[in-house]
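Asks: Working from the sequences, and respecting the hints, build out all of it.
For the record, the sequence lines run as chains A and B. Everything in the first sequence is counted per the working numbering, starting at 1 for the first residue and increasing by one. Everything in the second sequence is counted per the working numbering, starting at 1 for the first residue and increasing by one.
In short, the hints are calculated from the structure, not lab data. Note that the coordinates shown come from a computational prediction; the quantities given were computed from them, not determined experimentally. Hints are supplied without guarantee of correctness; some may be wrong.
To be verified - Dumping the calculated DMTMM-like pairs for lysine to aspartate or glutamate here, alpha-carbon to alpha-carbon at most 20 Å:
(1) A:K210 x B:D313
(2) B:K295 x B:D382
(3) B:K390 x B:D336
(4) A:K129 x B:E137
(5) B:K295 x B:E408
(6) A:K210 x B:D223
(7) A:K222 x B:E212
(8) B:K390 x B:E19
(9) B:K158 x A:E96
(10) B:K92 x B:E62
(11) A:K222 x B:D214
(12) A:K156 x B:E19
(13) B:K397 x B:E364
(14) A:K210 x B:E312
(15) A:K156 x B:E212
(16) A:K210 x B:E211
(17) B:K158 x A:E97
(18) B:K400 x B:D382
(19) A:K156 x B:E137
(20) B:K204 x A:E259
(21) B:K158 x B:D214
(22) A:K222 x B:E19
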Amino acid sequence: MSGSALVHKMVLLACLKERMVLMNFHIPELVVSAGSPEEAEKLLAAGADAVTVGDGRYALRVPGNFSMPMITDVVRIAHGQGKKVYVALNALLHQEELNGLDEYVRQLAQSKVDAVVFGDPAVLVAMQKTAPGLKRHWSTETTSTNWRTVNFWARKGASRAILARELSLEEVIGVKQQSRIPVQVQVHGMTCIFHSKRPLVSNYLHILGKGDNKQEQLMVLKENTRSGQHYPIIEDHNGTHVMSHEDICMLEHLGVLIENGIDSFYIEALGKPLSYNCQVVSVYRQAIDCLAKNPQAALDPALLDAINAVQPTERPIGTGFYFREQVY
Amino acid sequence: MTNQTRKKPELLAPAGNLEKLKFAVLYGADAVYIGGQQYGLRAKAGNFTFEDMREGVAFAHERGAKVYVAANIMAHNEDFAGMADYFQMLQKVGIDAVIVADPAIVDVCREAAPGLEIHISTQASVTNWQAVQFWAEEGIPRVVLAREVSLQEICEIKRHVDIEIEAFVHGAMCISYSGRCVLSNHMTNRDANRGGCAQSCRWKYDLFAEEEGDMHPLFAEGDETFTMSSKDLCMLEHIPEMIEAGVDSLKIEGRMKSIHYVATVVNAYRQVIDAYWDSPETFVFKPEWREEIMKAANRPLTTGFYFHQPTEDDQIFGVPPKMTAYDFAGLVLAYDEETGIATIEQRNHFKRGQEVEFIGPGRERFIQRIGEMWDEEGNSLDEAPHPMQKVLVRVEKPVKPYDLMRKEKGTT
Ligand code: SF4
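Replies: What follows is the structure in structure tokens.
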């Protein structure tokens, strides 16, 4: 029996035990980012309800660039299974990108994607003009921090809010309670903790007398005075991005998110091999299906083991800011 | 375009407290921005009480200057309690505008204080004319652009949208897009978007390439370490370009900076703006203006994103170069024309024989050595060691109250 089939069986047992308390909760959606149509297909097969894809010209930190034909392709695959495709258009846009924006949005609407993820109001303006029927998910990353801002963008046509990863669980629940639109949070993977427009890696390599940073390879920063914390750093079309040193893993707390009606769970695939991401998606799929019946059900420890089994040793898993107190 | 058909741009200066506000206004700011007790990003800048604000507004308005309040945090759910009252109070004390980043705060402010003007903060990262248009359609009269916008992009924005544009011309800058950095949240547990930034970008890091789990250092023994520290912005020499691009408000950063900094920087920009505005055809940039700025500079300077994508030359690597720093030595309280003697309030140690410089609003500095000096009772002094002590000093040229006396740091 393969590892993941074993996990599956144990979860079923756990769920059966909890059958007594049967009150169905809303089953939240499971979204994962994908780097190619082939990856998307596998991630959907592993249990994702939707994939987020994009073109690095317009989207921040996508795990692979999707051309328009690739988008059409992935839409066909997903829709064939009753699943969804969201296109990230969440970069901070400068005039250069904006010249082609109307046309890009028109093509997205034509290819029948299910929603566009936006942060810059310029995207809203373009969509109102050229794709009024297309859904809009609002995400300004670090600055999506409260329910009133969510409702502001809801008034402007957003149909979903993607919240900042720096919020506490209590704050996430507070937003959900007052939000007029569905709410998405990240439950797994790395997060971006710094975004500069400047090519900071290339600039540094120049200082060392080396050439440009040509390939968009993953590099790692180590803070000089703290041992052991590795922050991945990426340089691309949109500048330089520093990523968290830990991976969020909210597996053990999915129940409370479900209980509080959080609508969508996001898994960040960036920086991980497909096999890892498929395993993670499949584990969350099983956990969600189990917990949607009873959010207070004890989670099968085998699920967490299944994550730990594939987790790279240099990347600790943690709960991000969900349970962390911050001062200012 | 002739000057009859357009407005002279505003010089907007930071004011960390009431005293700095007065200096900023006296040295030539058309407007100042301050922080209140709540909702601002500079938790540690001696923020204004409503009482201070009232006094500051009265002082500024008497001199034709405006006062803006920064309320530029990204709000969290808990921050809304009491927020409406806060904006009502700001309106009551006569604040001219608030600077806001979070649309939720825009909503609260519009509802609570409909008469209070709202400016969209640089923290909202507005980078293109469509986004500016969005805010214009919301009834917002002014947008502070992201620091990543080039001069050419500013021209484009002004061409498309009829709105006031405010842009930074001087001061420290985030190397990230404003609001898009939570390094300090991760590394120090302090929320950068609510004023807790610990400047983690300026720390030292080691850079590795990762290949199949192995880490290869990209630096060799003895190489500079990786860091993300930006030089400070300075557009003093390029004020003509900023004006021609149509920027309506030229903004100086630095609510945490000293009186000496604010006075010196404002003074220099005031002179350049006036000189160019009064006679664009005959304008020539005077090297003294730049020299003045250098006396207050904390870091090497750059033009940021205005002309090109910043490179390694716009960052600081290794040991930051030593800047010739000046100290605020004394404040002129009074001047007796007949005797040529100034009454000076001590702000830093000075003594007989020491070289000092006097600067004042709108005029060029002069340098002299401290000659004779006395205490208020007329006893001769060799030095002025006590903070706030009043000292009589003979000066070589006329001075005025609020003129500053400065000395090079570490000199005696
Ligand atoms: S760490 Fe640096 S880039 Fe980040 S908020 Fe602070 S000053 Fe800005």
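Asks: For each hint, tell me whether it holds in the structure or not.
Replies: Hint check:
Between K210 (chain A) and D313 (chain B) the CA atoms are separated by roughly 15 Å; this keeps the pair inside 20 Å, and the hint holds. Straight-line distance between C-alpha atoms of K295 (chain B) and D382 (chain B) comes to about 26 Å, which puts the hinted pair past the 20 Å bound. Note on K390 (chain B) and D336 (chain B): the hinted pairing holds, with a Cα-Cα distance of about 15 Å set against a maximum of 20 Å. At roughly 15 Å between alpha-carbon atoms, K129 (chain A) and E137 (chain B) fall within 20 Å of each other, so this suggested pair holds.
At most 20 Å may separate the alpha-carbon atoms for a hinted pair to count; K295 (chain B) and E408 (chain B) meet this at roughly 9 Å. Taking the CA atoms of K210 (chain A) and D223 (chain B), the gap is about 12 Å. The hint holds against a cut of 20 Å. Restraint check: the Cα-Cα separation between K222 (chain A) and E212 (chain B) comes to about 17 Å, which is no more than 20 Å; the hinted pair holds. Among the hinted pairs, K390 (chain B) with E19 (chain B) is consistent with the structure: their alpha-carbon atoms are about 18 Å apart, no more than 20 Å.
A C-alpha spacing of about 16 Å is found between K158 (chain B) and E96 (chain A), which places the hinted pair at or below 20 Å, so the restraint holds. Restraint check for K92 (chain B) and E62 (chain B): satisfied, since their Cα atoms lie roughly 17 Å apart, inside the 20 Å limit. Taking the CA atoms of K222 (chain A) and D214 (chain B), the gap is near 14 Å; set against the 20 Å cutoff, the hint holds. For the given pair, K156 (chain A) sits about 42 Å from E19 (chain B) by alpha-carbon distance, which is inconsistent with the 20 Å threshold.
Distance check on the hinted pair: K397 (chain B) and E364 (chain B) sit about 11 Å apart at the alpha-carbon level, within 20 Å; holds. Only pairs whose Cα atoms come within 20 Å are accepted, and K210 (chain A) paired with E312 (chain B) is accepted, the gap being roughly 12 Å. Distance hint between K156 (chain A) and E212 (chain B) is unfulfilled; the C-alpha atoms sit about 45 Å from each other, more than 20 Å. Using a Cα cut-off of 20 Å, the hinted pair K210 (chain A) and E211 (chain B) holds, with the two alpha carbons roughly 19 Å apart.
Between K158 (chain B) and E97 (chain A), the direct Cα distance comes to roughly 18 Å. Compliance with the 20 Å bound is thereby established for this hinted pair. Among the hinted pairs, K400 (chain B) with D382 (chain B) is inconsistent with the structure: their alpha-carbon atoms are about 23 Å apart, more than 20 Å. Straight-line distance between C-alpha atoms of K156 (chain A) and E137 (chain B) comes to about 12 Å, which keeps the hinted pair within the 20 Å bound. The hinted pair formed by K204 (chain B) and E259 (chain A) fails the criterion: a straight-line CA distance of about 43 Å is larger than 20 Å.
About 50 Å separates the Cα atoms of K158 (chain B) and D214 (chain B), which puts this hinted pair outside 20 Å; it is violated. Distance check on the hinted pair: K222 (chain A) and E19 (chain B) sit about 43 Å apart at the alpha-carbon level, beyond 20 Å; violated.
Checked against the numbered hints listed earlier, the structure breaks hints 2, 12, 15, 18, 20, 21, 22; every other hint is satisfied.
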